[in-house]
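Undergrad: Residue numbers (the numbering used here), protein chains in the order written: chain U, 1217 to 1738; chain W, 911 to 1242.
Honestly, I wouldn't trust all of these hints.
What the hints assert, rightly or not - Derived DSSO-like pairs (lysine-lysine); straight-line CA-CA distance at most 27 Å:
id	chain 1	residue 1	chain 2	residue 2
1	U	K1620	W	K1238
2	W	K1004	U	K1573
3	U	K1278	U	K1573
What the hints assert, rightly or not - Residues from chain U shown here face chain W by an in silico Cβ test under 8 Å; the list is partial:
id	residue
4	V1283
5	P1285
6	G1289
7	I1291
8	T1569
9	E1575
10	L1577
11	I1578
12	A1590
13	E1605
No lab work stands behind these hints: they were computed from the structure. Where a beta carbon is used, it is the ideal one built from N, C-alpha and C, also for glycine.
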Amino acid sequence: MAAASPAIMPQSSENPAFLSVQGLKKHFGGVKALDGVSFSLLKGEVHALVGENGAGKSTLIKILSGVFPYDSGSISLAGEDYRPASPHDAKDLGVQVVHQEFNLLEHLSIAENISVERMPTNRFGLLDKQEMNQRARSALDAVGLTDVDVKAPVSSLGIAHRQLVEISRALQRKSRILILDEPTATLTERETRRLFEIVETIKADGVTIVFVSHHLEEVFAICDRVTVFRNGVSIGTDRISETTPDGVVQKMVGRQLAASTNDAGPSRKPGELALRLDELCTQANPSDKGISFDLRYGEIVGIAGLVGSGRTEILRGIFGVDPIRSGRVLQGGNEMRFSGPRDAIAAGIGFVTEDRKDEGLILEMPIAANMSLANMRAVSRSGLLQFSEENRRSRDGGARLKLKYGKISDAVSSLSGGNQQKVVLAKWLGRNPKVLLLDEPTRGVDVGAKAEIYAILKELARDRVALLVVSSEMPELMTLADRILVLAEHEIQGELTRPEFSEENILKLAYGQARQAGGQKQ
Amino acid sequence: MTTQALSETMPNPSRFSVRSALQNAGIGLALLALILFFSVFTEHFLTPNNITNILTQITINLVLAVGMTFVILIGGIDLSVGSVMAFAAVVAGKAITLPGFGPAEAIALAVVAATLTGVACGMINGVISAYWALPSFIITLGMLNIARGAALQVSDAQTIYSFPYAFEEFGSAMIYGVPVVFLVALFLVLVAWFVLNFTVFGRLLYGIGNNEEAVRLAGHSVYWYKVAAFTICGFTAGIAAIVYMARLNISSPIAGIGFELNAIAAVIIGGTSLSGGRGSVIGTLLGAFIIGVLANGLILIGLSDFMRQMITGVVIIVAVVLDYYRAKYASK
């Protein structure tokens, strides 16, 4: 993999690396989050980090910002060994992060949030509110929030404004390196342009900016260089002026997936109607139009769309997790009213949730116990557990999915991400579901396990199971699905059939009209 | 059955069990060390009389702690067990002294009254905290006051006495020097151990303590399992009330003050995690023994009751700090 493309690093003497990362590795249990990352930052540049979900960008940022220690490799900052013991440490050394998830205290005022790291005090050691509000004022002005009252609570702000408050908090302290983790994910086009102006300004002040984004047009709009990550490894660094979006995508995706995407496609014939959604509106859905589509036995339907476009909510609505506001779910012509997951499961539906750690698995419990969680009746007799039956079924389930494990009684937490995901699958496959809902089925899973999971899902479709797959990874949907529904703002923007599959077509629909004018710089 | 065959048929709570077995072994060693220490440094500790004493002293706490283990395993807490015990004892005291019943009927009536009272209180705790997803700390704090007030109201703040003689006999009966009431507690421990390790119900309680959402999405009614855990805790408070009445031959509305804290301490010292999902009722048994042996031994050694209380407090804190490191080690 290292030979895929030699890193182009301008190591000329007038431009020495400001921050240099060499052979960085980080493991979580059996999971290799980073498995050899090398790149460098030049002073005063805007440097993009790109890669699919789970490629290792977030872990790298957490290491740079002092959240995790690293296992091996080296980092040097301005020529000195850089090993921050805590986020506080990193900040003192001038490394600031604006995180993807918000770190704001909702019930405190904007001013208090902006000063929370170092509250100003007067000579009696009491909080100097005037100074605090002034600081907040100038910080907000710097990001263009001139009309926002600094005394208002953060909870009164919309998502985009919160993002800007967070950026202004990072900016008010002298930074040497400012890391922006997907800063535009929640911003409108106008706000994004404003952010880019701010980035240009601080770059002119000599601050080095790391820009993490899924949007290549943004990367090509404001970055100087780009480093691509794949499966915890840095694939290479290019100057933006010397590469193209296609070149970057090729590195991101790697050859394996690119090849499988282009295969002839499944020769599946959709059978009878499995589920019909008739203007389904969950409580999380703010729009009045519901979601309507059909799912047939033996087909895989993909759901694409940006985060927050309402993809997960559809699955949760079908499965009876989220209350339904209006509309219907029909199964074989009958309207189903699921009062909870129990009813959905009884109707032959399974749900592989997005977040296996929070929703899918009981990490501390044995593999076997997790596999039988949705199927307790099969492994018990009048309420008593039948351990030999449970072990037998679990070993069978593991063998079917080529699960790699030590003992079936080991805790699930001892497995790698890919194998954990297989346990979640096995839990549902043990029930022989007629309909399987999957939310990000391969998130944080390595390439090898990914391919195996794809094979399993395709086999299920051949066995006439109806599959509904939500994914942020477009190559994944294009590999698996017979057709893709693209969502934006809780509405289906369009449906693509296999011949129409392309990342471009999906993205066009996912961004709707609102974004179309935005990223035209190519 | 050979160990080989045993591990073939029931290996499954397994690494879970192995870990909790190791943990229990550690707590058992601590208990053994305490026993050794007091045997060496006091004359009377290891005498049949004193052992009987200890067993009698820990019985009520052990009964309460068994129920408390269920609640703490699902990540809850029940602060009301001491008051509920008093309330159940008062209700049962009223029942047992009703005129017109023979001793056998009166005792049966009292047992039913005490357990029903406990079950009702526990169920209310469970229903309210599970239905509205409220912290059980607050709900059971409310119940602590309600049950205490109810005990005082029902009894007119008077101690109830003159129970049938057979009842008193049961309270002081021995088999080979082992109090029968302690055997009752031990029986509860065994039943709880079986339920937690060998039934679907027990498995799901551990599951709920670890990851409630995963259990819910697997189609189980988390609500009812939580209600059941609190109901079991109320039930053991009812049983504790009967033991208390039989031991002291009275029902006092001010009995059991602070008992909830001892029960929680036994569970925590026994290695059950306050955040739920991890622990065992065997640990609870050992925890109750540690508290009982400490209390008894420290007095024999000549320390004041105040010192005993301070040392028990230190042990609780040490146990929780150890649990922190255990959890940290386990998540690695």
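Undergrad: If a hint holds in the structure, say so; if it does not, say that too.
TA: Here is how each hint holds up against the structure:
For the hint linking U/K1620 to W/K1238, the alpha-carbon distance of about 25 Å falls within 27 Å, and the restraint holds. Taking the CA atoms of W/K1004 and U/K1573, the gap is about 52 Å. The hint is violated against a cut of 27 Å. Under the criterion of a C-alpha separation no larger than 27 Å, the hint pairing U/K1278 with U/K1573 is consistent with the structure, at around 19 Å. Because the smallest distance between the Cβ of U/V1283 and any Cβ of chain W comes to about 16 Å, over 8 Å, the interface hint for this residue is violated.
Nearest Cβ of chain W to the Cβ of U/P1285: about 13 Å, over the 8 Å cut. The hint is violated. The beta carbon of U/G1289 is not positioned within 8 Å of any beta carbon in chain W (closest approach about 21 Å), and the interface hint is therefore violated. The closest approach between the C-beta of U/I1291 and any C-beta of chain W is roughly 23 Å, which is over the 8 Å cut-off, so the hint fails. With 8 Å as the threshold, the beta carbon of U/T1569 comes within range of chain W, its nearest partner Cβ sitting at about 6 Å, so the hint holds.
Proximity of U/E1575 to chain W holds as hinted, the smallest CB-CB distance being about 5 Å (cut-off 8 Å). Because the smallest distance between the Cβ of U/L1577 and any Cβ of chain W comes to about 6 Å, under 8 Å, the interface hint for this residue holds. About 5 Å separates the beta-carbon of U/I1578 from the nearest beta-carbon of chain W, less than 8 Å, and the hint is met. A hinted interface residue such as U/A1590 counts as satisfied when its beta carbon comes closer than 8 Å to some beta carbon of chain W; here the least separation is about 4 Å, so the hint holds.
Interface restraint check for U/E1605: the shortest CB-CB distance to chain W comes to about 10 Å, outside 8 Å, so the restraint is violated.
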